[in-house]
Amino acid sequence: MTPTLSRIEQAKAERCGLDLAAELPALAAGGWENLDEDDLTIRLKWLGIFFRPVTPGRFMVRLRLPNGVIQADQLEVLAEAVDRCGSDGSADITTRQNLQLRGLLLEDMAPLLQAMEAVGLTSRQSGHDNPRNITGNPLAGIDPEEIVDTRPLVAAIQTRLLAADAPRNLPRKFNIAVGGAPDSFLLHNDLAYLPALRDGQPGFTVMVGGFFSAQRNALAIPLHLWLRAEQLPGFSLAVLRHFERSGNRQARNKSRLMYLVEALGLDGYRDAVLAEFSTLGGEAFPHDGHHLVTRAPRSALGVNAQSQRGLHWVGLGVPMGRLDAAGMAELAQLARRHGSGELRLTEAQNVLIVDVPEAALPALLAEPLLQRFSPEPGALMAEAVSCTGSRYCSFALIPTKTTAQSVVEELERRLELPHPVRTHWTGCPNACGQPYMGEIGLMGAKARHEGQMVEAAKVFVGGDMGSDPRLAELHDKGVPLSQLADALEELLVVRFGARRR
Amino acid sequence: MIRPPAPVQPQDGVSHRRPARVDAHPAAAGVPTQPRRSDLTVDLAEPGSERRWQQLQQLRRGLVDADAWLQALADGSLAPEPDLLAALIPGLDRSRVEALLASELAAEPGLLVKAALPDWPARAVQPACREAWLEPLLHHVAVADSVHQLGWLPLLGLFREAKVARLLRETVHRHLTAEAAWGLLPLLGLQRQPQDGALLVRLAVEPGPLQRRHQALEGLALGLSAWPQAVLVPGLSALVTDLDPAVAAKAVDLLARLPVGAVALRQGLTRALDPEILARVQRRLRCSPLVLLVHGRHGGHIPDELQQLAADVAARRGAPVLLQALTAAQSTPDPEVWPAARRARALTLVPLLLLPGGHVRSDLPRLASQWQVATRAQGVALRRRPFLGAWPAWQAALAQALARRQELDQRRALWLHHPLQGALARRFVGHLSAVLGCPAVSTPYESPLRGLADQPLERTLLQPLTLAANRLSETLDLELQSATMAQDQPEVLPPLLGWTDLRRFLLTTLVQLP
Chain R
22 MTPTLSRIEQ
32 AKAERCGLDL
42 AAELPALAAG
52 GWENLDEDDL
62 TIRLKWLGIF
72 FRPVTPGRFM
82 VRLRLPNGVI
92 QADQLEVLAE
102 AVDRCGSDGS
112 ADITTRQNLQ
122 LRGLLLEDMA
132 PLLQAMEAVG
142 LTSRQSGHDN
152 PRNITGNPLA
162 GIDPEEIVDT
172 RPLVAAIQTR
182 LLAADAPRNL
192 PRKFNIAVGG
202 APDSFLLHND
212 LAYLPALRDG
222 QPGFTVMVGG
232 FFSAQRNALA
242 IPLHLWLRAE
252 QLPGFSLAVL
262 RHFERSGNRQ
272 ARNKSRLMYL
282 VEALGLDGYR
292 DAVLAEFSTL
302 GGEAFPHDGH
312 HLVTRAPRSA
322 LGVNAQSQRG
332 LHWVGLGVPM
342 GRLDAAGMAE
352 LAQLARRHGS
362 GELRLTEAQN
372 VLIVDVPEAA
382 LPALLAEPLL
392 QRFSPEPGAL
402 MAEAVSCTGS
412 RYCSFALIPT
422 KTTAQSVVEE
432 LERRLELPHP
442 VRTHWTGCPN
452 ACGQPYMGEI
462 GLMGAKARHE
472 GQMVEAAKVF
482 VGGDMGSDPR
492 LAELHDKGVP
502 LSQLADALEE
512 LLVVRFGARR
522 R
Chain D
2 MIRPPAPVQP
12 QDGVSHRRPA
22 RVDAHPAAAG
32 VPTQPRRSDL
42 TVDLAEPGSE
52 RRWQQLQQLR
62 RGLVDADAWL
72 QALADGSLAP
82 EPDLLAALIP
92 GLDRSRVEAL
102 LASELAAEPG
112 LLVKAALPDW
122 PARAVQPACR
132 EAWLEPLLHH
142 VAVADSVHQL
152 GWLPLLGLFR
162 EAKVARLLRE
172 TVHRHLTAEA
182 AWGLLPLLGL
192 QRQPQDGALL
202 VRLAVEPGPL
212 QRRHQALEGL
222 ALGLSAWPQA
232 VLVPGLSALV
242 TDLDPAVAAK
252 AVDLLARLPV
262 GAVALRQGLT
272 RALDPEILAR
282 VQRRLRCSPL
292 VLLVHGRHGG
302 HIPDELQQLA
312 ADVAARRGAP
322 VLLQALTAAQ
332 STPDPEVWPA
342 ARRARALTLV
352 PLLLLPGGHV
362 RSDLPRLASQ
372 WQVATRAQGV
382 ALRRRPFLGA
392 WPAWQAALAQ
402 ALARRQELDQ
412 RRALWLHHPL
422 QGALARRFVG
432 HLSAVLGCPA
442 VSTPYESPLR
452 GLADQPLERT
462 LLQPLTLAAN
472 RLSETLDLEL
482 QSATMAQDQP
492 EVLPPLLGWT
502 DLRRFLLTTL
512 VQLP
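First to last, the sequence lines map onto chains R and D. If you're matching positions, the first sequence starts at 22 in our numbering and goes up one per residue. If you're matching positions, the second sequence starts at 2 in our numbering and goes up one per residue.
Keep in mind that the hints were calculated from the coordinates and are not lab data. Be a bit skeptical, because a hint or two may be false.
To be verified - Derived Cβ-Cβ restraints for the label pairs, each shown as a range:
1. R:249 with D:276: 55 to 63 Å
2. D:335 with R:347: 17 to 25 Å
3. R:141 with D:140: 30 to 38 Å
4. D:280 with R:300: 55 to 63 Å
5. D:211 with R:423: 50 to 58 Å
What the hints assert, rightly or not - Where chain R lies over chain D, by a calculated footprint (3+ residues, C-beta under 8 Å):
6. 125-138
7. 217-226
8. 251-265
9. 279-286
Quick reminder that beta carbons are idealized off the backbone N, C-alpha and C, glycines included.
Take the sequences, apply the hints, and build the full model.
What follows is the structure, encoded as structure tokens:
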């Protein structure tokens with residue numbers, strides 16, 4: 022008997038969200054409250070447009086920025102869109118090297134998508150059950166430690182997966198990443214390609230099944246397959262086609278790839294994917310799963326010499342990854358004025374200006390914007406990652422970004438740290454802020470304090486993205502936000518070698 | 002009845018609930034009349050625990066039976082915590098909603114509204130939620146007193162429905178000075194009833210509490226495409242000069258989204274605006290860079306008046322203005338021109354030439370071709386305007402200025418131009434003379450008075466047809482100073498950019514070009 026489709030699956034099967042693109046002007050004229058509920062809350066996400074219940078009428082657009090690369094002209098188009106929203110507008114750098122714009126009206130969508138297309142940007146299939154923005158080494162092509170330039174590989178995978186014959190109705194979202202340096206930690210992705218040798222030949226070992234959720238968190242495991250670089254697009258397509266056909270569509274909380282791997286067994290899953298790959302003319306090679314990723318990600322902040330002699334990248338800390346229109350426009354100007362006009366976004370929600378000649382460094386470092394986006398932020402601020410929080414997300418139990426920023430600033434006033442400490446802040450158990458990856462992870466919660474229910478944070482400790490990766494574990498099940506700075510101060514002193522000022 | 006049990010304050014100061022109180026006849030008390038199942042037990046985990054979060058997620062997604070939870074609320078064994086109510090409310094059908102609204106939990110709006118509101122916008126568009134809530138809530142609000150009505154309307158207002166719009170409208174009118182009612186203005190906007198556009202515009206524009214004006218403006222934003230343009234555009238245009246920068250900024254951004262808004266914004270460029278608002282208007286308009294082709298002087302020198310005009314135009318447009326002299330070699334655009342042209346996707350060529358002489362007929366096409374090649378290489382369009390002298394509005398402005406001056410001085414005017422070749426130029430001169438209502442005199446640069454030898458010059462105004470001082474105007478001045486003439490010798494009028502009205506016309510027109 023065919024299982025009954027859930028409401029979401031019915032909506033997806035009924036119509037592809039991409040078909041709404043041509044109707045956007047008419048939909049805007051009618052008002053969002055007139056939209057079919059499935060169009061509003063599900064299908065628009067195929068165009069990268071998100072209805073936000075916390076800000077009804079003010080929508081979000083999530084881009085696709087393969088490998089986190091963006092040009093000044095492109096950033097200016099996005100800055101303009103945010104600027105139009107006045108005080109309602111902002112943009113967040115995401116943990117997938119991506120940007121999402123907030124505060125937009127439905128009327129803004131058609132012209133914005135058109136303007137984005139004119140400068141080579143797209144927001145297509147960036148939400149819901151789609152292959153999300155594909156990440157790569159943020160230093161690709163400029164990294165003195167680079168193993169392989171991930172930019173063309175990421176671009177080729179995206180092109181293949183957004184082609185007309187690629188899946189458009191996956192059972193669940195799907196994260197893909199390509200590693201290109203010894204610090205490319207990617208095991209939180211459903212499908213990760215890590216640089217690896219086979220018989221001395223460079224290529225990639227395949228890791229599958231990483232994900233974080235409210236129910237379960239898992240790091241990707243080796244599929245024991247090895248691929249040449251040019252095989253990645255085809256193999257990605259094979260994995261997605263198999264997932265589309267075989268993934269769990271009955272229970273959304275058990276539909277990420279890892280559940281399918283477990284259902285088939287690793288060997289069974291591998292055989293099924295290889296069979297799919299062979300229909301595309303592909304052939305993968307067995308591999309022991311060893312790879313060349315050996316340590317935790319670098320911060321990439323500050324002035325750093327590129328692999329090209331005489332050129333530098335300057336990494337700027339963006340507090341909690343939140344940008345406003347003026348900041349975006351100014352970043353674009355700086356990239357054009359002092360570099361090649363290219364910028365990179367990192368998974369730590371920071372921004373890099375690349376290709377800065379030696380002679381241009383003093384002028385760049387003297388720019389007023391660097392007072393806000395410092396190349397040398399404090400040891401906590403540099404590595405603080407945060408989800409969007411309750412300002413825009415109805416799941417979040419706390420205002421994550423503002424809380425994180427104020428607590429981090431307070432801790433940096435109180436403490437001296439011998440090295441950066443990576444804190445990951447998330448508003449609810451859905452774990453968008455990846456709390457299990459932080460040396461300290463914070464998760465929004467409620468707790469009883471002095472007889473009242475108050476906003477609080479669970480504290481996790483011990484996440485490690487190095488050679489022996491592990492997820493952070495629960496340390497405290499609920500610290501009221503009013504006491505969080507004190508609790509973290511103690512933790513940093515005892516566990517991380519901080520000294521009180 | 003479902004009622005929130007009163008908390009008992011024990012010795013340790015920690016709030017506890019009384020033990021669960023089970024109504025003997027729940028159906029009679031308004032609790033949904035589902036069969037009572039003995040296995041319905043509610044064991045809600047501690048606040049902040051992951052288990053509670055998962056329980057509430059299941060409840061929210063309809064994966065567990067809501068009746069047990071409702072019953073537990075009714076018998077007091079569960080406290081009406083906001084997170085529980087927030088999870089419970091979306092899944093209720095109409096009969097349960099009616100029961101809930103009839104219960105003591107709904108005696109005041111605060112508890113339920115606070116719990117429901119975060120998810121309500123997404124819920125209110127769901128047919129099931131609308132079916133369950135709209136009519137019961139309308140009825141509930143209709144019989145509530147005005148204070149409670151205000152409390153419920155944030156929920157009700159998210160249902161787009163004529164009856165709700167009417168209720169919102171009436172409430173806003175009744176409570177114009179009540180802060181609690183101002184938050185209803187965005188909801189009124191969401192209703193998108195065209196007749197409310199005027200009210201929202203009025204509340205945004207007229208002096209009043211700033212918060213109310215902001216909320217009215219947000220109402221206009223959320224229903225933007227629904228409002229009659231005849232009401233909306235003048236209202237927003239007026240707000241562009243508002244003293245509150247946030248109001249002015251938002252008005253600019255809303256105007257920019259309207260099909261006819263660009264025209265209103267371009268008009269705004271010539272008004273006295275706060276510098277930040279002017280910059281915002283400029284960002285919205287993305288005016289194209291202008292290339293002003295001018296006659297120039299020996300060696301390509303461009304008179305100060307023209308340079309000042311270009312600078313003023315550039316400052317108002319927020320886009321580069323390049324002055325190119327016909328007498329100079331092809332100029333190199335400053336580095337800002339092409340990025341600005343790419344942003345605007347165009348570059349505009351404006352020949353500030355007054356007569357269709359050899360420059361217009363020969364040099365202009367040649368220079369335009371060069372710009373065509375350059376713009377094509379940059380991937381932007383070249384917009385060409387006719388030469389200035391041919392603009393009817395310019396001719397009218399010139400005619401008006403000359404007429405006013407003739408009337409004021411009680412003198413007749415002659416306009417002077419250098420000799421022109423060809424039939425086209427002759428026809429144009431004849432046409433312009435007719436428009437200006439005064440005759441033209443062709444006269445050589447090197448000796449203008451020689452060209453005027455046949456003219457009676459007493460009580461005459463001489464207008465050299467040039468924007469800025471040129472050889473003709475300067476030589477004419479010199480010749481008149483040295484000539485021995487009667488007392489009523491002719492007066493030479495300044496070059497046209499020296500006329501306040503004409504300069505203003507030109508500035509305004511150039512500033513408002515797309």
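*May I ask which of the numbered hints given earlier this structure violates, with the numbers listed in increasing order?*
Those not satisfied are hints 3, 5.
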